[in-house]
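> This is what each chain is made of:
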Amino acid sequence: MTTKNIATADMNNRVGPVMRAGELADAIIEAAREDNPGKEIRVDDKRAYLRIDTDDEMILRRETIERNLGRPFKMNDLEVDLSSFAGRIETGPDQIRFYLLKHI
Amino acid sequence: MALLNRMDWYDIARTTNWTPKYVKESELYPDEMCGSMGIPMEKWEVYDEPYKQTYPEYVKVQREKDAGAYSVKAALERSRIFENADPGWLSVMKAHYGAIARGEYGAASAEARMMRFSKAPGMRNMATLGCMDEIRHSQMQLYFPHEYVSKDRQFDWAHKAYDTNEWAMIASRHFFDDMMLTRDAISVSIMLTFAFETGFTNMQFLGLAADAAEAGDFTFSSLISSIQTDESRHAQIGGPVLQILIDNGKKAEAQRQIDISFWRAWKLFSVLTGPIMDYYTPLEHRKQSFKEFMEEWIVAQFERSINDLGLDKPWYWDQFLHDLNIQHHGMHLGVWFWRPTVWWNPAAGVTPAERDWLEQKYPGWNDTWGQCWDVIIDNLVEGNLAKTYPETLPVVCNMCNLPINFTPGKGWAVKDYPLEYKGRLYHFGSEPDRWCFEQEPERYAGHLSLVDRFLAGQIQPPNLAGALAYMGLAPGEIGDDAHGYSWIEIYKQMRMKKAS
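Chains A and B, in that order, are what the protein sequence lines are. At position 68 of the first sequence the residue is numbered 68 (our numbering), and the sequence of numbers has no breaks. Our numbering runs 1000 ahead of the 1-based position in the second sequence.
Some chain A residues near chain B, calculated using beta-carbon distances under 7 Å:
id: 1; residue: Ala7
id: 2; residue: Asp10
id: 3; residue: Arg20
id: 4; residue: Asn76
id: 5; residue: Leu101
id: 6; residue: Lys102
These are computed hints drawn from the structure, not numbers from a lab. From a predicted model like this one, the values you see are computed outputs, not experimental measurements. For every residue, glycine included, the Cβ atom is placed at its ideal position computed from N, Cα and C.
Using the sequences and the hints, build the whole thing.
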């Protein structure tokens, strides 16, 4: 995720998780697509980690992750592979939200 | 037994600000330790941590993380990484463990200060978990390299480095002591958790994990990316603090603390992370350049989060962006040149193919740092190894404690940034370094850089042998070229081809 002009690289509205590679990351990519209809979900695969983002707001629901994993999942278990994230975070038992307050 | 939903009890469980009966509030929360800037208790109680975690959840999740990292280590124990990895990659691990493992215990102490002295109950909870995180980080990063100690004494520096006066260690300690061990709870939450952990730790624990995976070192990759999942949570301690400071008219102070910590972290990473990403990691395994990782993590992600909080870019932002192209090349050249004084074996990283890569990532490299390396290469080709060692000391910055260096060759524009304070003349490598000192001169004034100590006669005998003894570098630990100068063969062949 590098740009031609580093001086304006911070002028973005990207939000979303940076996951350690593995089955949970794959389920999160699917959940990001399902839970954020109409939004472009970008995936930058760095082998050790995957940067999954979209603009302004991303919601991930527990039920969607469960369905994609094919097993029960507690929302706070996301932490096992959530290495970083872009934007702000709001954690709840049934969903997690990444967002920015200001659009630029 | 049915369990209550976490959010049904979370708020009441963290409402732990009681009215003290036997002591005054100022005794329970002395300002030197709290640093609450005169903001009253009730204002701190609005603190709402965005990344919520309860203790039972914490234990379960951490157990799973540990099981993952340790099982990867166990599964790959026979993969012979030590025997098979490029020597440059082993140097990456040695530099990383020495500079970081014991510092994590320091971070546990910093988290403990927030745990005890934060006026916001949610912040105390978060810091309790953060403190245990940091103990985990130190223990793992001491345990993982331990298997290599019997094979290579330099790995012993994972534990030893912090107890020495080795120059890079003095620089690390000066930074980490400043941010973690000598600041009040609120300052720690800004300077350590926000400025350092939401920003720079991503470089060392995720950017480097990407390189590690490419280099086939999945144990190291899994370890450091697992550590960063803890950071990802407890780094969120600082965000709500900044919001409270801004809402209570303390934006300028918050900004000042971010600007100090950010600059100091940048300088340390220019000597630690820059060289290992752009020179030590074997060319074919480099996922991105140091500058590209900095753009991804620090400019696009971290600076954007500063903006969203309503804060400003650090005042030296343009200089920082400019220095991203240059600073770490000078640091690398210096580390390789003074290679007996480090606990790892620096990889030169300047074969023709590597120089092409550097020129592509940093246009102009050959006309600047390349010219210095040309002289070193000529000396090595001609067998004059002695000429590739230094005969003098560098000038060391009195803030970052790293050699003052600027772009050589056609871009040469060296400058000292001096300051006289209470009769002593200090030297700095940049305006922001001098500015950091000026913010709180008494905090820094008494410190002697390694060169100051040398000139004060504290290092005896005053020669390289005396310096190595002072720095704790024993035979078998003293750094040398990672590849034993074998990379010079290609230049010898080129020279012979040219002559024939």
